[in-house]
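Chemist: Sequence:
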Amino acid sequence: MSLSTARFEVLSFPFELTTDDKKFFDEFLELNSALTLPGNGKLPQVQYSVIKNTKYFCIRENGKFRNRWAHRWPLYLSVMMCVRDSLYLHLKEYLFLHSGALAKNNKAVLLPGPSESGKSTLTLGLLNYGYQYLTDEVVVIDLSDLRVLPFQRPVYIYGWQSVVSAEVEKYFKFYRFKERYGNTMQPWQYAVPQQEAILPKDTSFEVAWIVFPSYNETQKDSYLKPMSRAEAAFNLMQNGWNTQYFTDFGLKLCSELVKKADCYELVMGDLKEACELIEGLTGKTSALVESEALNNIWKRKVLL
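Counted the way the numbering used here counts, the sequence shown spans residues 307 to 610.
Hints in this document: simulated from the structure, not taken from any laboratory. C-beta: ideal position from N, C-alpha, C; glycine also. Do not rely on the hints blindly, as some may be mistaken.
[What the hints assert, rightly or not] Cβ-Cβ distance ranges computed for the label pairs, FRET-style:
| # | residue 1 | residue 2 | range |
| --- | --- | --- | --- |
| 1 | A536 | Y362 | 44 to 52 Å |
| 2 | A536 | I357 | 25 to 33 Å |
| 3 | A536 | K361 | 48 to 56 Å |
| 4 | R453 | Q550 | 36 to 44 Å |
The task is simple: from the sequences and hints, build the whole structure.
Modeler: Structure follows, in structure tokens:
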């Protein structure tokens with residue numbers, strides 16, 4: 307059995323992956339290119355292995371069984387959920403939010419929301435307006451200054467359609483695949499930031515806008531509604547990954563964070579209009595992709 311091993315780093319915490327499946331190893335390496343750890347002698351805090359037996363891919367963490375899968379496609383997300391739960395989610399130096407984030411002119415806009423709210427598709431759409439990609443799914447807030455740190459995981463969205471302009475595609479690599487849901491195979495893709503889009507690890511951004519997106523398939527247009535800071539703080543708590551580790555469930559931290567930002571609810575039906583509404587808050591820029599291409603992204607019932 308031939309084994310492949312690589313090391314990665316999340317918030318200065320290294321972890322290691324070993325597997326006997328070369329195809330999965332190459333996939334994991336590509337998808338986590340922004341998290342790859344240079345050979346600087348750091349020892350991993352957690353070791354993961356993915357070993358295939360006659361029927362299953364078995365995931366172990368420090369030798370302890372965590373999960374098993376009959377197919378290769380769930381492995382990446384399954385390992386990354388183990389990394390989230392064991393390596394960094396318990397850290398009290400940071401607030402982790404279920405949110406996307408982008409930056410422009412050194413200021414960040416957060417897009418908190420549950421699964422199927424449209425935040426990942428909106429994140430990709432905003433790249434066409436000159437935003438820097440910070441994260442998808444996991445926003446990291448440094449509690450020492452309440453600034454957002456880059457955590458440049460791949461953006462994970464439904465469908466194979468083109469979602470960004472040719473100019474933006476220079477900075478992202480797209481991986482398309484299908485997953486089985488019941489009796490159907492559904493198309494998905496990862497947008498992986500390439501070297502030109504990867505930000506230095508010591509970069510941080512002031513949070514200037516917090517926009518809570520929600521996708522409504524019956525809605526034809528999109529609109530913004532101002533949100534009170536009290537409501538925004540409560541909604542942030544609802545979208546916290548680690549608020550349970552704080553005595554007040556993160557209420558004080560979320561209240562401090564929203565004091566620094568303008569807060570809105572974004573009801574989305576038209577993606578181009580949704581992007582332009584956010585761009586109107588942060589500074590007007592012409593889109594780098596045609597309206598029809600943006601609108602085609604929106605033609606589905608369930609968004610991430």
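Chemist: All the hints need checking, so say for each whether the structure fits it.
Modeler: Evaluation of the provided hints:
1. A hinted range of 44 to 52 Å for the beta carbons of A536 and Y362 is consistent with their spacing of about 48 Å.
2. At about 50 Å, the beta-carbon gap between A536 and I357 misses the expected band of 25 to 33 Å.
3. With their beta carbons about 52 Å apart, A536 and K361 fall inside the hinted range of 48 to 56 Å.
4. Separated by about 23 Å at the C-beta atoms, R453 and Q550 break the suggested range of 36 to 44 Å.
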